[in-house]
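Number of protein chains: 2
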Amino acid sequence: MLYSEMNKEQLAAEKEKVTALYGDFKKKGLNLTMARGIPAPEQLDLSINMLLHCLDGECKSREGIDCRSYGVLDGIAEAKEIFMDMLNVGSDEVIVGGNSSLQMMYDTIMRALQLGVLGSEKPWCRYEHVKFLCPSPGYDRHFAMCEALGIEMITVPYMQDGPDMDMVEKYVSEDEEIKGIWCVPMYSNPTGITYSDEVVRRFANLKPKAKDFRIFWDNAYCVHHLYDDKQDKLLNIIEECKKAGNPNMVFEFSSTSKISFPGGGLAVICASKENIDFIKKQMAFQTIGFDKLNQLRHAKYFSNFEGVEKHMKAHAAIIRPKFEVVEYMLEKELAPLGIGEWTNPKGGYFVSFNAPEGCAKRIVSLAKEAGVVMTNAGATYPYGKDPLDSNIRIAPTFPSVDDLRKAMELFCICVRLAYLEKNA
Amino acid sequence: MLYSEMNKEQLAAEKEKVTALYGDFKKKGLNLTMARGIPAPEQLDLSINMLLHCLDGECKSREGIDCRSYGVLDGIAEAKEIFMDMLNVGSDEVIVGGNSSLQMMYDTIMRALQLGVLGSEKPWCRYEHVKFLCPSPGYDRHFAMCEALGIEMITVPYMQDGPDMDMVEKYVSEDEEIKGIWCVPMYSNPTGITYSDEVVRRFANLKPKAKDFRIFWDNAYCVHHLYDDKQDKLLNIIEECKKAGNPNMVFEFSSTSKISFPGGGLAVICASKENIDFIKKQMAFQTIGFDKLNQLRHAKYFSNFEGVEKHMKAHAAIIRPKFEVVEYMLEKELAPLGIGEWTNPKGGYFVSFNAPEGCAKRIVSLAKEAGVVMTNAGATYPYGKDPLDSNIRIAPTFPSVDDLRKAMELFCICVRLAYLEKNA
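If you read the protein sequences in the order shown, they are chains V and Z. Note that the numbering used here has the first sequence beginning at 23, numbered continuously upward. Note that the numbering used here has the second sequence beginning at 23, numbered continuously upward.
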């Protein structure tokens, strides 16, 4: 029976029942987390051979570069090639960096603030305000970065196939202080959606008032499919920007953090050759080069992009059952009651759950009290403020299937209890 | 016979002779470099086992942290310990970073410019001018970084035992826009000197007008002794700053770039706990953590700081003969003529050569024409401008001993020729 169809007495009885269920759960003393998109240890084991036999005394790159020594700011050829094939860019459109794409994004914004990007009239920090559009719910670390750097955030809602592009177009064309927009365009964090071709083309055809506006295209989950048969496809934004006559408008980021190792992978920035040349000139004062031994390790282990694709199937085999548990539990426990909505993504690392309005904080707090840590409610919105107090990001990859089942069982009880506390 | 004692005819004859020698050398078609402080391949071979068997499937840190995964912003305990013993700091006074100390310095300045350091009234970029003192000759990349970031540089001359501290004290106490000073305090780049205890104490007791003034203490060569029996010693600046009641006035940097691998080592920033806490808060928005697998690799390979010290003796055995070639050639070829002065450092990576005034550029250009690349004349001064056109940095580590002998032979001929062109 739908909660919305229950009368007062039924709701009161239901509340008593669910309170008891919650009490039972608390006694179990769970200690689980569905808070962050972290690969499970078995996923990390998939790449373990990279650490064992990959650099058997041979530290020269294909082009004869001693990867132990200094230099090669944009990365060795064989590492670049993997990303070139992954993201469909040319060799002069990519810089392979260190172990963190977040760091590449942060550094990119710091350089923009302090020095400006290609085409800037002045460094961004010389404007009274610098603003970023933030399609939400989105990635909390993007938003936290803006807040830490004093960049004003403007929330843009998500539609079925990407951000509300009418709003994006309007904002960007009218306000010179809007210098950027955050996008996770594929298997988005946390919604799981992939931007439609039309959305990507509308992005590429933006007519920003700020000549130095940039799309921050965090393509973190570009190869992170859950299924062999049903996979999302994303248009190549760099290519579309070229076609639209806006070749320099986008910075694309990705990494192997959830392909090889979160702590020891490779990150990458892609952009037009002009952008990359400009960035390299700035970057040359920051470092002589990133860790080429790790680049060589990855290149030898994966051989090429096909190696990565094959590897991702092994990841999917491990995490697909976990997504299925989440879907199954939500469908079984909450669908019949008509409370909450959620996504069933075909890839990525998250399920996005929209609780009944005004319930998200309470749900997360109830879950925490009973031993299951979720991403903070509100974290998926700028300044941590979800206007509806509704969205909760579920990160199912790290726990075991068994633990996840328990955690989801509790989660569904918390959703019910939070609703009933408000409405019974 | 000293050149200064030669009469016109003797100088003319000498010039003819040296011109012929130079001509002969040009015909040899050398292709060598003494430009940058790069370890020779045999030095990199010393650490090769770190890449082979160090992580035999075991990726957990001593404290049970899976080094493949996210987190641990300041580094794993066993990696921190090596640096704690190397630089005599506590575990809450150090952050182990990525592969580049230059990057840590750059990032530190970028954060200071954009956000300020502990105790800043406002971010440095909100001042009309930001100025750094630059003891010179110094490290060209320090100076290039300042120039790229729009930081004004003020040259301070070097004395026998460190920078001219009268001048440093005066500048720092009078000008609020002076926010930093670059120091390579041990086996300095390029002079090879080590700051005396008195100099270090005077640094620690500075009374800066700017409350957020920082000493950038690039202790790159702290364990890079050339000899077992004669070694420089450097006072611990962090300790001295504490004693002087200025605990937060210094950022110390170091790395294993010239211990393990220039392209794949570990970098470190050390400072007071208060500073480190402040930095970590800012840094948490830039990255979730640096490459802990590489930290574990280093910790396992070296075991502890004693392992590093032992390792450095093997480095010294390789590069000491190269320094000796440089000293021998200069002594043999130039000392009898009375042209040029040079240092005989007991460690580090460079010999600093002061040519007769107005000759450095010409010498470097003559050497290049005959196939030996030196560091650009002037590079050791802010804005690349050596007021006396005298200083040349000699980097002897990369070439083989045989090549180095040839290169030095040519170099001495170039010094003589440049002098004679001017004076004959």
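Be aware that a few hints might be false.
Unchecked claim - Label-pair distances were calculated between CB atoms; the ranges are:
| id | chain 1 | residue 1 | chain 2 | residue 2 | range |
| --- | --- | --- | --- | --- | --- |
| 1 | Z | H151 | V | E391 | 53 to 61 Å |
| 2 | V | S422 | Z | E174 | 56 to 64 Å |
| 3 | Z | A170 | V | E391 | 32 to 40 Å |
| 4 | Z | E174 | V | A336 | 31 to 39 Å |
| 5 | V | E85 | Z | K229 | 29 to 37 Å |
| 6 | Z | R84 | V | G51 | 47 to 55 Å |
| 7 | Z | E198 | V | K302 | 29 to 37 Å |
| 8 | V | K302 | Z | H151 | 55 to 63 Å |
| 9 | V | E174 | Z | E174 | 25 to 33 Å |
| 10 | Z | K229 | V | F327 | 53 to 61 Å |
| 11 | V | E391 | Z | F327 | 41 to 49 Å |
| 12 | V | E261 | Z | G45 | 30 to 38 Å |
| 13 | V | S142 | Z | Y405 | 17 to 25 Å |
| 14 | Z | R84 | V | E353 | 42 to 50 Å |
Said to hold, decoys possible - Result set (SDA-like, lysine to any residue): computed pairs, CA atoms no more than 20 Å apart in a straight line:
| id | chain 1 | residue 1 | chain 2 | residue 2 |
| --- | --- | --- | --- | --- |
| 15 | V | K252 | V | R224 |
| 16 | Z | K82 | V | R224 |
| 17 | Z | K303 | V | G406 |
| 18 | Z | K82 | V | G406 |
| 19 | Z | K368 | Z | R58 |
| 20 | V | K255 | V | K302 |
| 21 | V | K82 | Z | L66 |
By construction, these hints were calculated from the structure, which means they are not laboratory data. All C-beta atoms, glycine included, are put in the ideal place defined by N, C-alpha and C.
field: Non-conforming hints, listed in increasing numerical order
entry: Structure breaks hints 3, 4, 5, 6, 8, 12, 15, 16, 18 and 20.
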